[in-house]
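Participant: Spelled out, the chains give:
Protein chains: 2
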Amino acid sequence: MADPSPKPVPLLKDELDIVIPTIRNLDFLEMWRPFFEQYHLIIVQDGDPNKTIKVPEGFDYELYNRNDINRILGPKANCISFKDSACRCFGYMVSKKKYIYTIDDDCFVAKDPSGKNINALEQHIKNLLSPATPFFFNTLYDPYREGADFVRGYPFSLREGAPTAVSHGLWLNIPDYDAPTQLVKPRERNTRYVDAVLTIPKGTLFPMCGMNLAFDRELIGPAMYFGLMGDGQPIGRYDDMWAGWCVKVICDHLGLGVKTGLPYIWHSKASNPFVNLKKEYKGIFWQEEIIPFFQSATLPKECTSVQKCYIELSKQVKEKLGAVDPYFNKLADAMVTWIEAWDELNNTSEQTTSKQANGAAK
Amino acid sequence: MADPSPKPVPLLKDELDIVIPTIRNLDFLEMWRPFFEQYHLIIVQDGDPNKTIKVPEGFDYELYNRNDINRILGPKANCISFKDSACRCFGYMVSKKKYIYTIDDDCFVAKDPSGKNINALEQHIKNLLSPATPFFFNTLYDPYREGADFVRGYPFSLREGAPTAVSHGLWLNIPDYDAPTQLVKPRERNTRYVDAVLTIPKGTLFPMCGMNLAFDRELIGPAMYFGLMGDGQPIGRYDDMWAGWCVKVICDHLGLGVKTGLPYIWHSKASNPFVNLKKEYKGIFWQEEIIPFFQSATLPKECTSVQKCYIELSKQVKEKLGAVDPYFNKLADAMVTWIEAWDELNNTSEQTTSKQANGAAK
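Protein chains in written order, with the UniProt record's numbering: chain P, 1 to 362; chain H, 1 to 362.
The hints are simulated quantities; they were obtained by calculation from the structure and are not laboratory data.
Where hints are given, some of them may not hold.
[Stated by the list, open to error] Straight-line Cα separation of at most 25 Å, SDA-like style, residue types lysine to any residue; simulated pairs:
id	chain 1	residue 1	chain 2	residue 2
1	H	Lys-320	P	Phe-135
2	P	Lys-111	H	Asp-195
3	P	Lys-13	P	Val-94
4	H	Lys-318	P	Pro-155
5	P	Lys-185	H	Arg-159
6	H	Lys-185	H	Lys-269
7	H	Lys-185	P	Ala-196
8	P	Lys-320	H	Leu-158
Excised from the complex, chain P in its bound form (with noise of 0.2 Å):
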């Protein structure tokens, strides 16, 4: 007798990871059980590598920790951050679907307006297969989604849009702010819920928070590195922040799109605004130079795939970052080291070149 009632099969079921960086017993997945339960996990163990991460039963999942990262990358898990959620971009590179989603484990099912639970994955997964519309804005936001459509004067030879590689969900409850934000603001809570997914037009830069991020691996992963944070490092809470940057400017130069807005998350526990404020504020003053740099960078027409554009901004960054700090020339090397890794790991960089031109060309 077959089942009375299957689950259904939800979207992009064996085409999707979720990465979780964690360094706690992953308690916070019961509440995503209904949303997650079917999909497959990759978990990066951050911190100690002795301590035993507890799951809740009826996950698939694959864990690594710091050892776990050594053994497979040897002398090249040095690009990988340890004691930061910026370890999280193994997960990325040893993954082999096409899509990831990742999430913090202090992230909970937010509510919608009419108090149902939001389904964050299935929105990302919509914002990711419908095209972007990176090089004229629609006022009316997202024109692909229901009720919605390109206004009055919106080219026609545009409405085609562009590949979307990059989903960026945002947060109720706690907003991301920086250390001095929390220091100034410590009660303010985001309660607004803003019905719209929109493209981030090309040529802007944005704040990528990691938190609650889904991303084309295919059209984008090796740009998704989260650089050298925490652990012996000068710098902290700028992980997302940097790939961010990197992913922006790669997106724009190959014609691929970047959406934000919907879905929402609860982020329910503010992290301590003294402890960000020490890791953050050789950021604070060093994103007043990277961002004019990442905003005046230009990629030449031979990089046609993003590892050749990823390798391109390793070298600006040595050139015109340097002088910044020291730091920026060991990044621009674990740049180098990360793509090296991706494509050992992923055995693809012939393969990822040809499917980019073909996005690109789009």
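Add chain H to chain P, keeping to what the hints say.
Facilitator: What follows is chain H alone, placed relative to chain P:
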């Protein structure tokens, strides 16, 4: 004895004019009475000047018909369109106030999700009086709004923002679609209330709709020319688009911000798509060349006032778009006439120059 309940004085009561182009009695103002009654209206009567337009009692207004426009501008009146709502820009020119709000006479008061009537004008004023953020994208939308701020990774040097020149409001019910989309989706209604205001990033063009629009006349007024449309012209329904492209290029050059999003009005009536198609069809293919032209247009440093920018832009229009159709030569000439007429009526070409320079330097 004092009035027991004096009406509160609304924001910018003596610094803002409401400009309404119309061909019919303005019964729609009844619905707006609580929000508009204390402001001054400038009504631009389109079409037959012998027709009498009835304005509900109690409104303070001045009304201009075609005879008035011809009398006031003399031979320069040929830059003001006839039999097209583009004539509204005459109202911008004769206003003596710092701010303008313009609204179509088929736009009613919309309700927010809680069922409350939306004071569209008040929201526009809030948008105009708070800074814009054109140089970097803030993922939580308007950082100056209550309950929001700049997110982690937003450069501190950019948090002062830029002066806001334009506030572009949206429409519930009938969306602002072009004729082909109207024909394909005759029953589509916009029911999504997106609770956001955002700055359109520097370098990105957008389709500016004139239905529900506010701007700072001192900062950008001379660029708000709605072009040559309607009677005797090969094109219609591109008046606001034309203004939007010019305005955005000039705002980007002068370091001014353009916001879009809230407030919504209730757009009551879809215009006839067959009539619209006739007006639009040349625009539909011309815009494929016009938009790349504006996307790549750059203004020299010497253009330090809106007027100088606009005259320079008119030269580039003639040079680059004249080949598309002779209409653009005529339009380029009208752009110059418009600026001459503006300066004549406002007697502020020098004054505006220095104000602009201050605005841009902020």
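Participant: Work down the list of hints and note, for each, if the structure agrees.
Facilitator: Hints, one by one, checked against the model:
{"no.": "1", "hint": "H:Lys-320 x P:Phe-135", "verdict": "holds (21 Å)"}
{"no.": "2", "hint": "P:Lys-111 x H:Asp-195", "verdict": "holds (16 Å)"}
{"no.": "3", "hint": "P:Lys-13 x P:Val-94", "verdict": "holds (18 Å)"}
{"no.": "4", "hint": "H:Lys-318 x P:Pro-155", "verdict": "holds (21 Å)"}
{"no.": "5", "hint": "P:Lys-185 x H:Arg-159", "verdict": "holds (16 Å)"}
{"no.": "6", "hint": "H:Lys-185 x H:Lys-269", "verdict": "holds (15 Å)"}
{"no.": "7", "hint": "H:Lys-185 x P:Ala-196", "verdict": "holds (21 Å)"}
{"no.": "8", "hint": "P:Lys-320 x H:Leu-158", "verdict": "holds (21 Å)"}
Comparing the model with each numbered hint stated earlier shows that all of them hold.
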